[in-house]
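For this one, chain A is given, so just place chain B on it according to the hints.
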Amino acid sequence: MALTEERPPLELTTGGADVQNDRPLGVFTRPTATHGWKSWVTTVDHKKIGIMYGAASFFFLLVGGFEALLIRTQLAVPGNKLLSADLYNQVFTMHGVTMVFLVVMPMAAAFANYLLPLQIGARDVSFPRMNALSLWVWLAGAIFFNTSWLLGGGANGGWFNYAPNSGVVFSPSHGIDFYAVGLLIMGIASTVSAINLTVTVLNMRAPGMTLMKMPVFTWMTFIVQILLVFALPVITVALFLLMFDRLFDATFFDAAKGGDPFLWEHLFWIFGHPEVYIMVLPAFGIVSEVIPVFSRKPIFGYPFMVGSGIAIGFMGWGVWAHHMFASGMGPISVLAFSLATMFIAVPTGVKILNWMATMYGGRLKFTVAMLFSVGLVGMFTIGGLSGVSHAFAPADTQQTDTYYIVAHFHYVLFGGALLGLFSGMYFWWPKVFGYMLSEKAGKWHFWLMLVGFNLTFGPMHILGLQGMMRRTYTYTQGQGFNMWNMVATIGAFTIAVSILVFMYNIASSYRKHRRNPVNPGPDPWDARSLEWMIPSPAPEHNFDEVPVVEEFDEFWNRKYGHDENGRLVRIARTEDVVQTGDATDVHLPSPSYWPLVMACGFPLVGYGLIFNLWWALPGALLLVVGIYGWVMEPSTDPSASHGHDDHDPSHDEPDAAANELPEGAVDTEAGTGSEDVAASDDAPAPEPAMATTEETTVG
Amino acid sequence: MADIALEQVEDLEFPDDIHETATGISNPKLAMWVYLASDCLLFGGLISTYLLYKNRPGNIPGLAGSPLRASELFNIPFTSMTSFILLMSSLTMVLAVNSIMRGDKQRMRLWLVATAVLGGLFLGGQVYEFTEFVREGLGYTSNVSASAFYTLTGFHGAHVGVGVLMLLSAVGYSFRRDIQAEAIEVLGLYWHFVDIVWVVIFAIVYLIP
Numbered sequence: 000m001a002l003t004e005e006r007p008p009l010e011l012t013t014g015g016a017d018v019q020n021d022r023p024l025g026v027f028t029r030p031t032a033t034h035g036w037k038s039w040v041t042t043v044d045h046k047k048i049g050i051m052y053g054a055a056s057f058f059f060l061l062v063g064g065f066e067a068l069l070i071r072t073q074l075a076v077p078g079n080k081l082l083s084a085d086l087y088n089q090v091f092t093m094h095g096v097t098m099v100f101l102v103v104m105p106m107a108a109a110f111a112n113y114l115l116p117l118q119i120g121a122r123d124v125s126f127p128r129m130n131a132l133s134l135w136v137w138l139a140g141a142i143f144f145n146t147s148w149l150l151g152g153g154a155n156g157g158w159f160n161y162a163p164n165s166g167v168v169f170s171p172s173h174g175i176d177f178y179a180v181g182l183l184i185m186g187i188a189s190t191v192s193a194i195n196l197t198v199t200v201l202n203m204r205a206p207g208m209t210l211m212k213m214p215v216f217t218w219m220t221f222i223v224q225i226l227l228v229f230a231l232p233v234i235t236v237a238l239f240l241l242m243f244d245r246l247f248d249a250t251f252f253d254a255a256k257g258g259d260p261f262l263w264e265h266l267f268w269i270f271g272h273p274e275v276y277i278m279v280l281p282a283f284g285i286v287s288e289v290i291p292v293f294s295r296k297p298i299f300g301y302p303f304m305v306g307s308g309i310a311i312g313f314m315g316w317g318v319w320a321h322h323m324f325a326s327g328m329g330p331i332s333v334l335a336f337s338l339a340t341m342f343i344a345v346p347t348g349v350k351i352l353n354w355m356a357t358m359y360g361g362r363l364k365f366t367v368a369m370l371f372s373v374g375l376v377g378m379f380t381i382g383g384l385s386g387v388s389h390a391f392a393p394a395d396t397q398q399t400d401t402y403y404i405v406a407h408f409h410y411v412l413f414g415g416a417l418l419g420l421f422s423g424m425y426f427w428w429p430k431v432f433g434y435m436l437s438e439k440a441g442k443w444h445f446w447l448m449l450v451g452f453n454l455t456f457g458p459m460h461i462l463g464l465q466g467m468m469r470r471t472y473t474y475t476q477g478q479g480f481n482m483w484n485m486v487a488t489i490g491a492f493t494i495a496v497s498i499l500v501f502m503y504n505i506a507s508s509y510r511k512h513r514r515n516p517v518n519p520g521p522d523p524w525d526a527r528s529l530e531w532m533i534p535s536p537a538p539e540h541n542f543d544e545v546p547v548v549e550e551f552d553e554f555w556n557r558k559y560g561h562d563e564n565g566r567l568v569r570i571a572r573t574e575d576v577v578q579t580g581d582a583t584d585v586h587l588p589s590p591s592y593w594p595l596v597m598a599c600g601f602p603l604v605g606y607g608l609i610f611n612l613w614w615a616l617p618g619a620l621l622l623v624v625g626i627y628g629w630v631m632e633p634s635t636d637p638s639a640s641h642g643h644d645d646h647d648p649s650h651d652e653p654d655a656a657a658n659e660l661p662e663g664a665v666d667t668e669a670g671t672g673s674e675d676v677a678a679s680d681d682a683p684a685p686e687p688a689m690a691t692t693e694e695t696t697v698g
Numbered sequence: 000m001a002d003i004a005l006e007q008v009e010d011l012e013f014p015d016d017i018h019e020t021a022t023g024i025s026n027p028k029l030a031m032w033v034y035l036a037s038d039c040l041l042f043g044g045l046i047s048t049y050l051l052y053k054n055r056p057g058n059i060p061g062l063a064g065s066p067l068r069a070s071e072l073f074n075i076p077f078t079s080m081t082s083f084i085l086l087m088s089s090l091t092m093v094l095a096v097n098s099i100m101r102g103d104k105q106r107m108r109l110w111l112v113a114t115a116v117l118g119g120l121f122l123g124g125q126v127y128e129f130t131e132f133v134r135e136g137l138g139y140t141s142n143v144s145a146s147a148f149y150t151l152t153g154f155h156g157a158h159v160g161v162g163v164l165m166l167l168s169a170v171g172y173s174f175r176r177d178i179q180a181e182a183i184e185v186l187g188l189y190w191h192f193v194d195i196v197w198v199v200i201f202a203i204v205y206l207i208p
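Keeping their order, the protein sequence lines are chains A and B. Those letters in the first sequence? Residues 0 to 698, per numbering that gives the first Met the number 0, in order. Those letters in the second sequence? Residues 0 to 208, per numbering that gives the first Met the number 0, in order.
Extracted from the complex, chain A is given alone in its bound form (with noise of 0.2 angstroms):
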């Protein structure tokens, strides 16, 4: 005990509940909760990381789903007062941004946050508490860009922005402020989590994981934190400029006073361009999980589905100025982006045809999660033909600024990327919570959602060809465009049916399986990856051993092999090959405050840019506090236990989680009975010389 005695005031003793001496910057003692809603709210676990991503993202969901149904009542029959027209581009616009950055892109973030350590046979991230901090970030500034409703009105100039349309001349509420500031606080969290993956993915792998037997979803989202570490500063940029046009009076995009509408435009794309395939890449990967799952096939060619992968990320950042054949940049500019952007095409193509050759002579098993991916393959077609037909410089001419674009977009975003994402989420969903989701209730969910999608979003390629401009709040009678705007209304609609189907279809599976719990076990479908190699849910160490891998779709290759007449024949028993997830003495990162108190500076910080600066200040103290604090706090606390509970299988809800002992604060039995946890609760450890704080330099 003497040793405890010789600890410099500020250096931490014990993550035990009973010995609470440890407050770095003399504020917190280290959290310990394990169960309840501070353990989500102090969390490091990558795990409960992506679940709390996933949440959020489907709120928003619901948010933007909402706002287009808003958009789709208004447009239901000519000339309608429900929305001004100046509501109207403010609902179109927030709708636009909630999809994108607060639906799609955090959605693949679940996906991303959840999986990749378990594709790649890792205990987690390598910076366990940036994940947190950029999940923190990120809400703050979807909450604080949502606070504009309430504050003068939301952004309305359209995702994109447009100067000079976005000057305070033209749009003097604070909505484009908001635009501007809550984009780039949730940057600075996809800067931070791109950064954060990107080592992940290149450092942490488990022994034997070389990049060429990665899964493709781990190759894909490794590809779109590549475009995300690239496309945001620029952005970023773009940002800060129209946030010191709008708030200090600089004229960076004001044509009479020498500034350069046409510069907003480049930067926007350059980041808006490569924003597509960071949106859409993901829901590939998901893909190409599911694809050779349910035909039990391994993904047709492989590295040309890595490669085209590759491609895409990388001609991603020569197509940028075909959004703006429009606006006369001259005949060369056009010629070599109208060239590029059909190159682009090839690809895509390739990876098209390569999930459908996977299909081929499969033994097809068209389960939900299959469905969703078929669609995808499907509706993502129609959705890149369309957007072929807009590298034709002269069309693209004709079609900019019609519905025809935004049918585009909606079967390229919704057809692809959100069709993947669901297909994922009844794949992985056993996985991550411990239950099935319905199968019935699933196919009413896809269909309903595929039929809703095509009427919404089919009608409009007519509705723009036949010259219906889009963001224009209404049209007059006997413009023809009547019949179409009817259908695709009832089209919105269906979707919104179908996810109340899907929300149906959550609850009624989980009470279901609180009635009468049944595992699922770790391998539900038959499946080739890492993951599946461990307990559904997925215990808090990950891997009971890391694994050594050997192959691609190693954990397939454990359970299958060939025989002699190269015939598929099982060689062990999945039983035999899986993890049973009841490892104790496993070191892992320990929860923290610090991210929650820095997020919360930002939104502070945020209004006051916007409202009066001095409003900033706390803001500001509260970031650097955080940041002052997180450095002081190693990120593992030195005596946490290294037990784990076996996790029960009634036990994987949070709030079913409630009940169980917390681990590490005052167990003995908990499941753990290991010595050295029993002894470091009554007598603390002393913490060594050199804390092992891997983040304390990035700061």
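No lab work stands behind these hints: they were computed from the structure. If a hint is listed, it holds; no wrong ones were tucked in.
Here are some, though not all, of the chain B residues that point toward chain A, as calculated from beta-carbon distances under 10 angstroms:
(1) S37
(2) F42
(3) S47
(4) Y52
(5) I59
(6) Y139
(7) V143
(8) Y172
Built from N, CA and C at the ideal position, the CB exists for glycine as well.
Chain B alone, transformed into the frame defined by chain A:
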């Protein structure tokens, strides 16, 4: 009990996930490289903005705004001197990394403080330069070239400022805890990057007419 304590110490000093990475580069160092790659595009965007606007409103007749341009006010000898000071701070940074790698904490603190002082001198030079420009009538909103100039150099200055704070924090931290040599090395990466960016900015903004 002593045995258990020792075991834990070892466990913490060599957790497998820190010393064995798939690339052989530690996580913080790789993260810093990735961040710096990202930062390149931040400065890329700002430099492009400056290049686009540097002669405005002069080169487009009939535009509103002060005709004064930042490039007319440059004091090249003075900025060359502050640039030289910043470049020398890279040398002291290298010496600091070298000291801690030899385990010489005292020397390391000395060189870190020296680096911070040189960085602070550079910042002081920038503040002097800006106030001088404002005195001669070129404010942030005077015209679009002034805004672009102040934004670009201001962003760089903010990077230097954050770097100085990190250097001083590292010195303070080293009194409280043992600091890892690699932390200083990673900090050095950031610092050298900021210097290199300044070389680019100095060449593009100040030297190329």
